[in-house]
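J.: I would like the entire structure built from these sequences, with the hints used as guidance.
If you're matching them up, the sequences are chains A and B in order. The first sequence lines up with residues 117 to 607 when you count with my numbering. The second sequence lines up with residues 2 to 328 when you count with my numbering.
Among the hints, a few may not be true.
Going by beta-carbon spacing under 7 Å, a handful of chain B positions derived as facing chain A [to be verified]:
1. Ile3
2. Glu5
3. Leu8
4. Pro225
5. Ala227
6. Gln228
7. Pro229
8. Gly280
9. Asn283
10. Arg285
11. Leu328
Because the hints were derived from the structure by calculation, they are not lab data. Every value quoted in this text rests on a predicted model; they were computed, and no experiment measured them. By construction, the Cβ of each residue, glycine as well, lies at the ideal position given by its N, Cα and C atoms.
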Amino acid sequence: MLDFGRLERDVARRSRILRGVQGAGIAFVTSVAAVLVASMAARLGLLSPRPDSAVAALLFIAAAVIAGFVVGYASRPDIARLLLSIDLALATGERLCSLHELHSRRDGAPFENRIVEKLAEVPPAWRCALRLRRTDILPWLAGAGALALAVFLFLTAVPPAPAATADSRSQVRVSNSRGATPRSSVPSGAEPDPVAASEHGLSRSEPGSPLIDTLVELPPAPASGVLLGDLGDEAPAEAEPPARDSRQSLSEYLTQLLGRAEADLSQTFALTEPEKNALQSLLQDMPGSSLRRSLSSLLGDETGDALKARLEESQRLLEGSSRGEEGEASTQAGRSPRSPNAEADESHPESIGWVLLPPSSDGEAEATEADGRQTGADAGKSETQEGSAPPRNEEGGSAIGAQGAEEAPAPPPGVGFVPEELLGSVGSEGDLRRYLTKGIPFEPPPVDRGPIAALSLNYETLRALLEARALAPEVQAIVRAYFVEITQEGP
Amino acid sequence: MITEQDLDRTYSTLERLRRAIGTAVVGQETVVEAALIALLCGGNLLLEGVPGLGKTLLVRALASSLGLRFSRIQFTPDLMPADIVGTNVLSDAGGRRQFAYSPGPIFANVVLADEVNRATPKTQSALLEAMEERTVTVGKVTYPLEAPFLVLATQNPIEMEGTYPLPEAQLDRFLFKVTVGYPSLEDLVTMVERNTESGGIALPKPVASADDVLSAQAVVREIPIAQPLRQYVARLVLATHPDSAQAPKDVRSFVEYGASPRAAIATILGAKAHALLAGEPNVRRTDIESVLPLAFVHRILLSFRGEAEGVAVAALLRRVWEETSVL
Numbered sequence: 117m118l119d120f121g122r123l124e125r126d127v128a129r130r131s132r133i134l135r136g137v138q139g140a141g142i143a144f145v146t147s148v149a150a151v152l153v154a155s156m157a158a159r160l161g162l163l164s165p166r167p168d169s170a171v172a173a174l175l176f177i178a179a180a181v182i183a184g185f186v187v188g189y190a191s192r193p194d195i196a197r198l199l200l201s202i203d204l205a206l207a208t209g210e211r212l213c214s215l216h217e218l219h220s221r222r223d224g225a226p227f228e229n230r231i232v233e234k235l236a237e238v239p240p241a242w243r244c245a246l247r248l249r250r251t252d253i254l255p256w257l258a259g260a261g262a263l264a265l266a267v268f269l270f271l272t273a274v275p276p277a278p279a280a281t282a283d284s285r286s287q288v289r290v291s292n293s294r295g296a297t298p299r300s301s302v303p304s305g306a307e308p309d310p311v312a313a314s315e316h317g318l319s320r321s322e323p324g325s326p327l328i329d330t331l332v333e334l335p336p337a338p339a340s341g342v343l344l345g346d347l348g349d350e351a352p353a354e355a356e357p358p359a360r361d362s363r364q365s366l367s368e369y370l371t372q373l374l375g376r377a378e379a380d381l382s383q384t385f386a387l388t389e390p391e392k393n394a395l396q397s398l399l400q401d402m403p404g405s406s407l408r409r410s411l412s413s414l415l416g417d418e419t420g421d422a423l424k425a426r427l428e429e430s431q432r433l434l435e436g437s438s439r440g441e442e443g444e445a446s447t448q449a450g451r452s453p454r455s456p457n458a459e460a461d462e463s464h465p466e467s468i469g470w471v472l473l474p475p476s477s478d479g480e481a482e483a484t485e486a487d488g489r490q491t492g493a494d495a496g497k498s499e500t501q502e503g504s505a506p507p508r509n510e511e512g513g514s515a516i517g518a519q520g521a522e523e524a525p526a527p528p529p530g531v532g533f534v535p536e537e538l539l540g541s542v543g544s545e546g547d548l549r550r551y552l553t554k555g556i557p558f559e560p561p562p563v564d565r566g567p568i569a570a571l572s573l574n575y576e577t578l579r580a581l582l583e584a585r586a587l588a589p590e591v592q593a594i595v596r597a598y599f600v601e602i603t604q605e606g607p
Numbered sequence: 002m003i004t005e006q007d008l009d010r011t012y013s014t015l016e017r018l019r020r021a022i023g024t025a026v027v028g029q030e031t032v033v034e035a036a037l038i039a040l041l042c043g044g045n046l047l048l049e050g051v052p053g054l055g056k057t058l059l060v061r062a063l064a065s066s067l068g069l070r071f072s073r074i075q076f077t078p079d080l081m082p083a084d085i086v087g088t089n090v091l092s093d094a095g096g097r098r099q100f101a102y103s104p105g106p107i108f109a110n111v112v113l114a115d116e117v118n119r120a121t122p123k124t125q126s127a128l129l130e131a132m133e134e135r136t137v138t139v140g141k142v143t144y145p146l147e148a149p150f151l152v153l154a155t156q157n158p159i160e161m162e163g164t165y166p167l168p169e170a171q172l173d174r175f176l177f178k179v180t181v182g183y184p185s186l187e188d189l190v191t192m193v194e195r196n197t198e199s200g201g202i203a204l205p206k207p208v209a210s211a212d213d214v215l216s217a218q219a220v221v222r223e224i225p226i227a228q229p230l231r232q233y234v235a236r237l238v239l240a241t242h243p244d245s246a247q248a249p250k251d252v253r254s255f256v257e258y259g260a261s262p263r264a265a266i267a268t269i270l271g272a273k274a275h276a277l278l279a280g281e282p283n284v285r286r287t288d289i290e291s292v293l294p295l296a297f298v299h300r301i302l303l304s305f306r307g308e309a310e311g312v313a314v315a316a317l318l319r320r321v322w323e324e325t326s327v328l
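T.: Pasting the structure below:
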């Protein structure tokens, strides 16, 4: 016997659940869309996301889904229509909804009995008619896709940890021709130098620029003297070694060891194995080989005063290295080179002049490593501490220490910076030539340009040419090959 | 209050009626069914078809099987209203002369208005009151008609000379309009056989009384129809109106006036009767689908464009049916 009252209740409950799922789906896709918009805004720099924003977004979505379900579940279903939909789906001859009609008027006994008899012949599997449809699942699928996109955008928009940012920025060894201060030189949270910031805005104004993004993603050339990370704002932090932070950690550790040595009155002060291991791990992160070599002597078997003296010497060496880098930063911030290319730069705000590393001997490279960072044609020279700045190559401009420069063989004299072939004309900058050097294309300095050889590369023009496909494919290939050469293959 | 016995008796009556009519009328199941539905609903039926298709025979067979009073009115251009509803005549009763009302042929249970479109509109309108209110007014006196009352009118679509198309108001008073088509080959052979052999066609004997009909009419009104189906019928009616948002494009283009509320009433009542005839205890969507063309076809007026392009109202109704959602 069909218990129609129970069937009505079951149908109503199932309908509420379905409505809840539908409401939750709509809420889900809506909330995810909101999160997606926020992620895109963060990606575009309109919002500054925080690491805990992800948790907040997930909580927001979860709350929306729950609210959607509750609203859907609380809505009162139209039982008659529900039963009619079941009738139509199961082809029951509209008996269920008619039975509901008879129940509501309570005087259709003969008809009710006959309807129930006919329903009993083939009991309706009404649950089959009340199930999630494709349109109900669609919001969930769309929401999941949007959520994945939002997560991706969020992950790519979240700024790296402050320490990593500082470390990565400290590796920047390329400066624009206006001498803009690398962003990393501005402490996190501090007010940036307005002059530097305005000048640095040349490169900052191009986030997301395809060419710059491509350049950023390229691995740095081992001995090119140019790190491209500064050209884009989105350079991955892990690609740049945290030298300054390591130096600071090492300095603190040395101070700690010195304190212990001075407190040890037994004249048998020696480093324990854990201390040696910690020291060794810290040394591994140090950028300069000479500095590393000098500090490595601490790992020997010396004890007592000798070890203490080595500790003090290492501390001095380390402090000197740090001062050298700070000097470099201040030099770049205060420098206003008026190279011949500067005029071109002013006429092309997007242009970036790259200062090239001249070919140098091993010793010079070592000295440069010991200096820490030495940039700028002239200002950086006065800030160096250990070792003297290498003599300026007439064509080379400033000497820029490069990580791992000692591993790469110095280019043979006379090979670098020699134009090999004419590629074409690049805007108002004149001919674009291909060079054998690991550096950046430059024009041979005219006689009146002074000792600094710098090249102003009009990025705007280049990008326009590449993006508008104005360049012939073979020229594009050459440009691409050029960057590959300077970034992967080396000289 | 309908009981199980009422229901069983109704089913039994309808089955007997069907069989009785079937002995006289060959084929034409749709027409017979429409006539029975009209009878069960207490409505009037307009039969349209060329002469010789058995329209009159159907009406006579129906009236004969019911044992009801039957009258036939042949409509002609010179037919007057008094010829239908009756008139006051001077009579001599006991040496005293006075006017006495002489009822017309409208006073019957089943009235056949043959070739109704050949009478003048004035005469046609004499049927209006009887068809709708089941009363006849002569002078200052109104006379009720005996229940059940059913007008079955026929009209000839090809004989247009000297005809007067029925006014819309009168058309609207017909529950259904049925187009009587040509019989099939088998039906035609059977028809010829029955008319040319033995004693010819014999009208059926009465198998149901007026009370049976009235009881069946009461049962029909109790047949349950779900509220969403009522709303569905209402949406169907609105969909025939050219200025309705639910109207299909063709309706907007070719229809001047859509179906009236009487169309909805006729559809639901007809669907109930159709369900009862089918032995179902409730109205189904298929019942509505069956009676919808019969109830709507004469209530939709085509626009000039629709007439000029020869649009079929039945095709428009099919479009309305397809494009109106039941939920």
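J.: Evaluate each hint against the coordinates.
T.: Hints, one by one, checked against the model:
1. With its C-beta approaching chain A no nearer than about 6 Å, Ile3 of chain B sits inside the 7 Å limit, and its interface hint holds.
2. The interface hint given for Glu5 of chain B is met, as the beta carbon of that residue sits about 5 Å from the closest beta carbon of chain A, less than 7 Å.
3. A hinted interface residue such as Leu8 of chain B counts as satisfied when its beta carbon comes closer than 7 Å to some beta carbon of chain A; here the least separation is about 5 Å, so the hint holds.
4. Evaluation of the Pro225 of chain B hint against chain A yields a held restraint, the C-beta minimum of about 5 Å falling below 7 Å.
5. The restraint placing Ala227 of chain B at the interface with chain A holds, with a minimum CB-CB distance near 4 Å, inside the 7 Å limit.
6. Annotation: interface hint on Gln228 of chain B holds; nearest CB of chain A at approximately 5 Å, less than 7 Å.
7. Of the supplied interface hints, the one on Pro229 of chain B holds, with its beta-carbon coming within about 4 Å of a beta-carbon of chain A, less than 7 Å.
8. Using the Cβ-Cβ criterion of 7 Å, the hint placing Gly280 of chain B at the interface with chain A is not satisfied: the shortest such distance is roughly 9 Å.
9. Checking Asn283 of chain B against chain A by beta carbon gives a least distance of about 3 Å; that is within 7 Å, so the hint holds.
10. A least Cβ separation of about 5 Å between Arg285 of chain B and chain A falls short of the 7 Å threshold, and the interface hint therefore holds.
11. The closest approach between the C-beta of Leu328 of chain B and any C-beta of chain A is roughly 6 Å, which is under the 7 Å cut-off, so the hint is satisfied.
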